[in-house]
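J.: Read off the chains here:
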Amino acid sequence: MPKVTLITPSKEKVILEDAIGTLMEAALDADVEGIDGDCGGVCSCSTCHVHVAPEWVERVGPPNDAEADTLEFDERTNSRSRLSCQIELKDELDGMVVEIPNSQ
Amino acid sequence: MSMPPLNDTFQDARESSGVLNCPFQGKEVAMILRHRDVRTAAKDWQTFSSDAPFRVPIPSEEKVRSVRQLPIETDPPLHTGLRKIVEPFFRRPRDPDFRARIERLIEGLVDEAIDSSEVETVHEFALPLQSRALSYLLNLPESEAEEWINWGVHVFRDGDGPAKGAQLDSYIQTQLDRAESKPGDDFFSALTQAEFDGHRLTREEMTGFANLTFAGGRDTVINTVVGVIAYFGETPHALDELRRHPEQLKSATEEFFRILSPLTHIGRVCPNSTHVHGAQVEANERVALTWASANHDSEVFEAPNEVRLDRKPNPHVAFGFGPHNCLGAHHARAILQSLLQTLIRKIHRIEILQSIPKIEVEDRYQRQNGYEILRVRLLPISTQN
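Read top to bottom, the protein sequences are chains B and E.
Per the working numbering, residue 280 is the first one in the first sequence, and the count goes up by one each step.
Per the working numbering, residue 4 is the first one in the second sequence, and the count goes up by one each step.
Mixed in with the good hints, there may be bad ones.
[Said to hold, decoys possible] To give an idea of the interface, some chain E residues facing chain B are shown, with a C-beta separation under 7 Å as derived from the structure: (1) 104; (2) 146; (3) 200; (4) 201; (5) 202; (6) 203; (7) 206; (8) 311; (9) 316; (10) 317.
Think of the hints as simulated: they come from the structure by calculation, not from any bench.
Just so it is clear, CB atoms sit at the ideal spot from N, CA and C, and this is done for glycine as well.
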């Protein structure tokens, strides 16, 4: 199971070992600052927004359609944006790094 | 039995023009109907402003209250700062202890309903549930809720509006007086102590916050709770299905918010004349962000009239969208998740004994948004067969 690193809005590094489920679920379980996951992971809010580290963008892949539509309305969105509720933690993401943007 | 809330009254207008012009209180309001258009307008506060006392709700409320509701009837950046004042209270439902308390409250009400063989869910279940849960949110004694229950399902619309509005205002003034002389750690005390922009809030501002807190999230929460009970009464296999798949509790919660969309729409005022998808809106006239229509948009939701408890993604706008996104959403989610949790744990079947839908009747559409009466029998799991 993958190990992932989240960099919080206050630049703290949080490492999740053996993370399972979606990145949002793992971050909520660990009470990571800046990941709120208000809607429970159905893409109706963007309170689990992350910016994937440049070297991981390709492996994580682009947002799905509903996710992209929701991200489009978030001022914090850039080319590395994903909603962490849509990122399934698979083995190939072991070592992944994401940054959490400041809340709006 | 059919379930009228699933009927999508806006479908034709949404698919043909995207806008429905409908008069409210004698004035045409351009109702924006498509998901993308609603979200776009909700973010565009310069064109579609909330800086409009009494005119954000539809119908407007100048006859039933005398204060601007805060923070909802303001635009950014003022809105952003005002919202921060009360946000800590509205985030309390994220605390597991808070949620456990909500769950105990619902368990108690469900047990009571089981014991009394039948229950009228609007007034005997959902209304006390909403009021008592609100006392937790505002960190006030639960006994305060007994007075709020007497106010009925809506603080303005359940009876004589102006008289009810005066009653609410008088209650708020009494609480603020109490908080000023003897502050505690409740919502009213927080208002009397809050600083904004280097000064204390005025009494009028405090009243504006408190007014919204009691007016919002009341009939909407009640209608959602009752809507869920009605749905399980009419669709027994769905209760069993959720029981078998408790991992769907959160997606089911969101699906109920989407399909029930308890708040049909909310208003915005256009400071300048503008075009809304072909409809001309004059300066100072209103548009409506029609959440209930956007939540049935087939461009976004596959089979929008079907209840799919495992629907994911589900980018509904039942809590609005953008900077004014419902402050009480955490609270509403905690209530609904606890309700579903309790029902699948305790209830075998729900028998509907009497059902009188509540219909929103306007000149150009009709929509069920709740129940006047829903009398049911809750059959517990332990005594089935």
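J.: Which numbered hints does this structure break?
T.: 1, 2, 3, 4, 5, 6, 7, 8
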